[in-house]
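Colleague: Listed below are the residues making up each chain.
2 protein chains.
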Amino acid sequence: MTDTPTAAMLVIGDEVLSGRTQDCNTQVAAKMLGEAGIDLHEARAIRDDAATITAAVRDLAASHTYVFTSGGIGPTHDDITAEAVAAAFDTPIGIREDARAILVARYGTGADLTDARLRMARIPDGAVLIDNPVSGAPGFRLENVFVMAGVPQVFAAMIEHVRDMVGTGPKMHDISIPCPYPEGVLGGPLTAVAEAHPRVSVGSYPRLKPGGGWGVTIVARSRDTDALAAAETAIHAMIEGLEGSTTEGE
Amino acid sequence: MTDTPTAAMLVIGDEVLSGRTQDCNTQVAAKMLGEAGIDLHEARAIRDDAATITAAVRDLAASHTYVFTSGGIGPTHDDITAEAVAAAFDTPIGIREDARAILVARYGTGADLTDARLRMARIPDGAVLIDNPVSGAPGFRLENVFVMAGVPQVFAAMIEHVRDMVGTGPKMHDISIPCPYPEGVLGGPLTAVAEAHPRVSVGSYPRLKPGGGWGVTIVARSRDTDALAAAETAIHAMIEGLEGSTTEGE
Chain A
1 MTDTPTAAML VIGDEVLSGR TQDCNTQVAA KMLGEAGIDL HEARAIRDDA ATITAAVRDL
61 AASHTYVFTS GGIGPTHDDI TAEAVAAAFD TPIGIREDAR AILVARYGTG ADLTDARLRM
121 ARIPDGAVLI DNPVSGAPGF RLENVFVMAG VPQVFAAMIE HVRDMVGTGP KMHDISIPCP
181 YPEGVLGGPL TAVAEAHPRV SVGSYPRLKP GGGWGVTIVA RSRDTDALAA AETAIHAMIE
241 GLEGSTTEGE
Chain B
1 MTDTPTAAML VIGDEVLSGR TQDCNTQVAA KMLGEAGIDL HEARAIRDDA ATITAAVRDL
61 AASHTYVFTS GGIGPTHDDI TAEAVAAAFD TPIGIREDAR AILVARYGTG ADLTDARLRM
121 ARIPDGAVLI DNPVSGAPGF RLENVFVMAG VPQVFAAMIE HVRDMVGTGP KMHDISIPCP
181 YPEGVLGGPL TAVAEAHPRV SVGSYPRLKP GGGWGVTIVA RSRDTDALAA AETAIHAMIE
241 GLEGSTTEGE
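Heads up: the protein sequence lines correspond to chains A and B, in order.
Residue numbering for the first sequence follows the numbering used here, beginning at 1 and increasing consecutively.
Residue numbering for the second sequence follows the numbering used here, beginning at 1 and increasing consecutively.
Hints are supplied without guarantee of correctness; some may be wrong.
Since copy identity is lost for identical chains, a pair holds within one copy or between any two.
Pairs of lysine to any residue, SDA-like flavour, derived with a Cα cap of 25 Å [claimed, not checked]:
1. Lys-171 <-> Arg-20
2. Lys-171 <-> Thr-21
3. Lys-171 <-> Gln-22
4. Lys-209 <-> Ile-102
5. Lys-31 <-> Ala-237
Just so you know, the hints here were simulated from the structure itself, not pulled from any lab data.
Keep in mind the model is a prediction, meaning the values are calculated, not measured.
My request is simple: use the sequences and hints to build the entire structure.
Modeller: Shown next as structure tokens:
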């Protein structure tokens, strides 16, 4: 499976790290990538700091097939992502005519085309624009890095465009099986199932139910549908084998 | 501000990166840290892979005052965080009597004290336990790394305990000011405000309103309350100065 493309998500913004904003863009990217057969290996949230952004982009771009960023491409002084990404690849950046034309179509060439808005036409040399059907100002792809907006509706619209710009890998399939027994009971047998099915990733996810008590979902994932079906059968047999066990506890 | 403690959050779990689960623990940690005056500088989500966890813990522990982890300390085979954190500090790990006693108090010494549950008593040498009032099995602190559960209710309960285990820094104060003008209009004047108030971090956060159109919130943050008050006055004056500007557009 060494030819499976991998990805990293880079969430840029003080507002996530201060707790003011809940990042939702990672989950949106994760779902798109899952459908494309691309493994999201890491998600990182960092501050609005140019050197930090540049270093993180360099680090992640060197170790993953694709990097997706969200945040910091608007018109205000704290929007520094485009410059920082350009710096990561030692690429010049300036107002580009194709990006400017998008803003002109929206704001005209009068007073509404403010210097602040023109900041959103700053695109690194050689970058490919990413459509923004929500509010116009584009994202861009530079090398293997896709730079997108932080506003969730805009990010979600952009990632639909990006879906057609990335390659695809063998799709990861998954099944979810609810289990009436707590992890402390199923842990031993589930280890045996996981070991007997090395081509399948077997996870166990406990949750506290609103009314009290624990629920567990067993999730099995594989790119090999035959191996996944065999694991599914084994998990159901394991649960049947636990009949009579306590359903109490963690 | 070089003496301000910094922190990193490390979210461990395939379920976050697959998009199956939305991480909420980072925001809970961020809010606690904000109240304690500790700057959360980075949040990272990584896979359930021992070498990846160990490398990330080493990296983050070396560059931050504190590291907080969530996930991977339950009773099943995919819970490998404790071993990976111990490995990051070259520390031996085994079933520790104090942690075992907590599980015995909950499950007795009979069949309910399964091998799977005993995995949750595996604590690195020298680590300090972190209370788990929800389900018993403790987290732990090893060096500057706090290892906690991924289940949100348990994580939230553990972080309340951790609050008393960390130092505090000078508190970061913040103000939020709603602005009727879009970022493309306020961007220029806001840059001037930010430059005139170097001790204050000024951010601008646009959002799409449910009924359509954009809303903007200006957030100013500082540890210096006098500087923050001066910036607040300047931001209000800036907004008054924009009277008559269009409220349309991004």
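Colleague: Look at each hint and say if it fits the structure.
Modeller: Each hint, compared with the structure:
1. Lys-171 <-> Arg-20: between (35 Å within a copy, 16 Å between copies)
2. Lys-171 <-> Thr-21: between (32 Å within a copy, 19 Å between copies)
3. Lys-171 <-> Gln-22: The answer is between: 21 Å across copies meets 25 Å, while 29 Å in one copy does not.
4. Lys-209 <-> Ile-102: between (49 Å within a copy, 23 Å between copies)
5. Lys-31 <-> Ala-237: neither (30 Å within a copy, 44 Å between copies)
Checked against the numbered hints given earlier, this structure breaks only hint 5.
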